[in-house]
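Protein chains: 2
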Amino acid sequence: MRANNLTLLTDLYELTMMQGYFKNPTNQTVIFDMFYRTNPCGGAFAITAGLEQMIEYIENLKFTDEDIEYLRSLNTFEEDFLEYLSNFRFTGDIYAIPEGTVVFPREPLVKVVAPIMEAQLVETAILNIINHQSLIATKAARVCYAAKGDAIMEFGLRRAQGPDAGIFGARAAIIGGCAGTSCVLTGKMFDVPILGTHAHSWIMSFPDEYTAFKTYAKLYPNACTLLVDTYDVLKSGVPNAIRVFEEMREEGIPLTRYGIRIDSGDLAYLSKEAYKMLAAAGFDDAVISASSDLDEYLIESLKAQDAKINSWGVGTRLITANDNPAFGGVYKLAAVKDADSTEFTPKIKLSENTEKVTNPGNKTVYRLYNKKTGKIRADLICLADEKLDADQNMVLFDPIDTWKKTKVLGGTYEVRELLVPVIREGKRVYESPSVMELREYCQKEQNTLWDESRRFVNPQKVYVDLSQKLWDLKKDLLEEISEKALD
Amino acid sequence: MRANNLTLLTDLYELTMMQGYFKNPTNQTVIFDMFYRTNPCGGAFAITAGLEQMIEYIENLKFTDEDIEYLRSLNTFEEDFLEYLSNFRFTGDIYAIPEGTVVFPREPLVKVVAPIMEAQLVETAILNIINHQSLIATKAARVCYAAKGDAIMEFGLRRAQGPDAGIFGARAAIIGGCAGTSCVLTGKMFDVPILGTHAHSWIMSFPDEYTAFKTYAKLYPNACTLLVDTYDVLKSGVPNAIRVFEEMREEGIPLTRYGIRIDSGDLAYLSKEAYKMLAAAGFDDAVISASSDLDEYLIESLKAQDAKINSWGVGTRLITANDNPAFGGVYKLAAVKDADSTEFTPKIKLSENTEKVTNPGNKTVYRLYNKKTGKIRADLICLADEKLDADQNMVLFDPIDTWKKTKVLGGTYEVRELLVPVIREGKRVYESPSVMELREYCQKEQNTLWDESRRFVNPQKVYVDLSQKLWDLKKDLLEEISEKALD
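As you go down the protein sequences, you meet chains A and B in turn. Under our numbering, read the first sequence as residues 1001 to 1487, first letter to last. Under our numbering, read the second sequence as residues 1001 to 1487, first letter to last.
By construction, these hints were calculated from the structure, which means they are not laboratory data. Be careful, since some hints might not be right.
One copy or two, either will do: identical chains are not told apart, so a pair holds if it fits within one copy or between any two.
Said to hold, decoys possible - Derived BS3-like pairs: lysine-lysine, alpha-carbon spacing no greater than 25 Å straight-line:
#1 Lys1062 to Lys1371
#2 Lys1235 to Lys1484
#3 Lys1188 to Lys1347
#4 Lys1337 to Lys1214
#5 Lys1214 to Lys1484
#6 Lys1375 to Lys1387
Quantities reported herein were computed from a predicted structural model and do not represent experimental measurements.
Only chain A is shown next, with the shape it has when bound in the complex (with noise of 0.2 Å):
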C-alpha cells in the first residue's frame, strides 16, 4: 500500500531532463534556491520545518530494480540512461536553514550545489516535504500566538489531507508550537505528547451521560477530561461532569488533571456559564478545554470575549493550514559551474513582476539581531564569500525602492548567519535535535520577532535586504539581458 522509497517522488520533467543531460552532458554544477515569495496566511513571517525528512530523503535515494524496470516500459528512457539511474546516489552538497527559525520571502531556506542531474531529481521531493512542514509549523505559530499561552492540541488527523499530511504534520504542529497531538504514530515516531479523551459515541454507548462519565472518571482518574455536549452542555453535561467530580472528591481521588470539553455551541457563552457552574462546585481549577472549527481568528476573538478557555483542540483548520493551503515555495536555478571552469556563473529568472526576478549567485542569509532588545533588525541575503563585521557601520536598503535607507551602527547589533551544511558530498553532516528541542528552539526564534510582526492583520514586515555586492550584480545581469533584447 505506501511506496517505502521515495525515489519515484518527483515529476516526470525532473526525469526527462536528466535523460537531456545525460545524452548531452555538460558535466555541469549548478546552485539551485528554495525560497517563497509571499508569507502564509497574510502573516509577516514563517517557520521553517522539514529538513529532517528532507535529509532522509537524500540519505535514501536508490533507484530500485523494480522502479528502473518501471521507468523501463514507459518507451521513454534509453538502456544508458536506466543503467545510470540504477546507479544513482546524490554526491552534492546543501545547506538549510535549520527547522523551527523564523524565515522571510526570498531567504534561500534549502541551497543545493550538485551535478546539474542530482540537482534536478530532488527539486520535487525538496518542494514537497518542505512545502508542507513549513505551511503547518507557521499556522501553528499563529494559532499558538493567539491562544496566549494556553496549550493548544493538534487534533487534525482525521481532516488531513492523507496519511502523511497526518503524521507529518502534527510533527510541524509541534515545533510550531502545540503542546501535543492525538495523532498516537506521530507520538511513536517523533516522541512528542499524545492526547485525547472521549468522543460522543463514547457518551452515547452507555444507557446514560452520568455513567458514561464515572465509568470514564473510574479508568482515567488523572486525566479525566469530560465531553459535555453530547446532549446539553449546561443542563446535562456541566452537571454531570459535577456530580462525578464531587463523587471523585469524596473518595478521596486527588483531583489533577481534569476537567470538561466543550466540541459545539457558543464556545463564550457555554465556557463562561460552565465555569460558573464547576467554581461554585470547588471546581474553578478543572480545565476548560473547547474545540470545534477553531483557528487563530477565532481563539482570538474568544479571547476578547473573555471566554473561560484555558486548552485548545484544534484540527481541521491547523491541520490543512485552511485559509491558506499551501506554502508557494519555488526552486530556482541560482547559478552555473562548467566542467572547466572554477567559478559560478551566476543566472537570473526574469518577470514582469519585478518582485518575481529571482536573486542570481551563490548566495547565503545573515541575520542581524538587536543587542539590547535580541529582535530582528534586518536579514541580509549576501553573496556566499561575503563576510559581514558586527563592528562596522551598515546601510542597509530596500531592493526594491532602493532609496529606503537605514544605518545600522556597529557594535549595536549581533550577526548570525542561517544557512548551515546539512549534506556533504552526498553524506549527512547535520544531526536534528528532537522535535520537543525544535519546539523550544522555535519559542525563542518567534521571541526574536516584534508583537507587530506577530499579529494577524497588518503585521509589520521586517526588513530583507540585499547586500550592495548582490544588488550591483542582479542589476548588472538585468542590465545585460535588457540589452540583448534591444539588439
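Fit chain B to the given chain A structure using the hints.
Then chain B, alone, in the frame of chain A:
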C-alpha cells in the same frame, strides 16, 4: 522515515475508549456511518474516492511488538489490554459506495458494522483516507468540467501536503477526470499516465533558448512541448519554438505530439497571439498548454475569453483543493446491538442545528434514475431492510421541510442500491477496478447529473430524501429525547 504500518494512525482517544470498553465489556456490536454534510467548493455533489486504500488499511491492521512497546511506555494502558491489542484483528463488516460515484450530503459513504472496540479504532484512518481522496476527486471533477473536454494534467506534487497527499491526491485527481499526473510514483503504483516536459531551469542551463529547445526536440521528437516563457513568450519563446518545429518539418520528423507551454503572464492574450504565430507558420495543430495557478474558475474564465489553450496543467489549487481544503466527513454512531440481543437499537446524535441531527439506525442508500434521461431523479436514505419497487409510485418528501413533496411514477425510474459490501468478517470481499477504470466510471457518473448541478455558481441541489420509515423512526427518537428532557 516512513511508517509502513498504519495501525497507530489513529487518535489517542480511540485507544483510551477501547480500553474503556475492554475493562467494561458490553460486547456490543455497533454501526457507524461515515458521511459528510456540505458539498466541497460550493458545489452540488462530491465524488467518493479512497476506498481501495481504506480496504488495504483494514486488511493490514496489526499492532506490532514495537507498537505495543510504545503504548506501554505511555503508562495509560494495562497489560491485559495490551495483550488484547497484540492479538487484535478487524472482524467486522464494512459497506461502502464505490469509488468514483457521485454522492451527496448525509449519505453514508462507508458503513462499519463491528464490535464497538474495532469500530472505534478504525474511525480516524477511515476518515483521513476517504476525506482526502474524495476531496481531491471532487475538485478534479470540477476542474475537468470547466475544461470542457480538454485534457487536464495534474501537476501539484511539489505543493501537496506531504508525500501521500501528492501520491494519493494524484490518484484521486485521475479518478475525478484528470488525464494524467506529473507524479512518477503515482504512475508506478497505479498504472496511470504520467506527463511532463521540462522546466525553466532546462532553458536557463543552455547558452540560449533556441539551443535548449533544439536539444529537447532531438531527444523527445514524439512528445515535444516547449516551455516558451523563460525570457519573453512572444518575442523569444514562440519564435524559437516555431524555428525548431520548422527544422523538424524540414528534416521529415513527424510532428505528432508537439506544442508549447505558457506558465506565466496573461494566458488569454498570450495564447491567442501564440496561436496566430503558430498557425501562420503552418502549426495550427500544435498543442497550446497553459499552467499558472489554475483552477476551475480561471479555466472557465479563459474559456469564456476564447483563449487558444487546449491542454491545462493544474497544480497547487487542485492538489490542495485550495478553496476548500478539507472534506469534512464525520463518523457517527447509528445503532447499537447488545450481546444478548438480535436487534440493533437506533441511536441519534442531537444538535442545536436540525441539519446536524444524525440519521439513526441501520441504513442503506437507493438512487432513483429517470429511465428516459438516465439522470438522477433523487436519492433515498432508507433502513437497510427496506426494498424499493420501481414499478410502484413513490412520494418523496424533503426531510427538513416535509411539505415539499414530489410524486415519482412507477415504471418511470430505475433503482440502484449504492452501498456494497467490501469487508465481511474482516476479509476483503470487493476487488477495486483499476484507477483508469474508475476514471471511466466516474465520467459516466458525472453524466447522471444535469449541467445545472455541475455549474459553479448556485448549482441546483439534488434531492436526498429519507424513506417514510426512517423519517418516522427519527421523529420518534427525537420526541422521546425531548419528552425525557421535560421530566
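Q. Is it within, between, both, or neither for Lys1062 and Lys1371, if the alpha carbons may be no more than 25 Å apart?
A. neither (47 Å within a copy, 55 Å between copies)
Q. Given identical chains, is Lys1214 near Lys1484, meaning Cα to Cα at most 25 Å, within a copy, between copies, both, or neither?
A. between (80 Å within a copy, 21 Å between copies)
Q: Up to 25 Å between alpha-carbons, please classify Lys1337 paired with Lys1214: within, between, both or neither.
A: Close across copies (22 Å), not inside one copy (71 Å); limit 25 Å.
Q: Evaluate Lys1375 and Lys1387 at a C-alpha cut-off of 25 Å and name the case that applies: within, between, both or neither.
A: within (21 Å within a copy, 70 Å between copies)
Q) For Lys1188 vs Lys1347, is the C-alpha pair at or below 25 Å within one copy, between two copies, both, or neither? A) Neither way: Lys1188 and Lys1347 sit 44 Å apart in one copy and 35 Å across, limit 25 Å.
(Q) Reference check for the pair Lys1235 and Lys1484, CA-CA at most 25 Å: within, between, both, or neither? (A) For Lys1235 and Lys1484, the Cα distance is within 25 Å only across copies (12 Å; inside one copy 78 Å).
When each numbered hint is compared with the structure, violations occur for hints 1 and 3.
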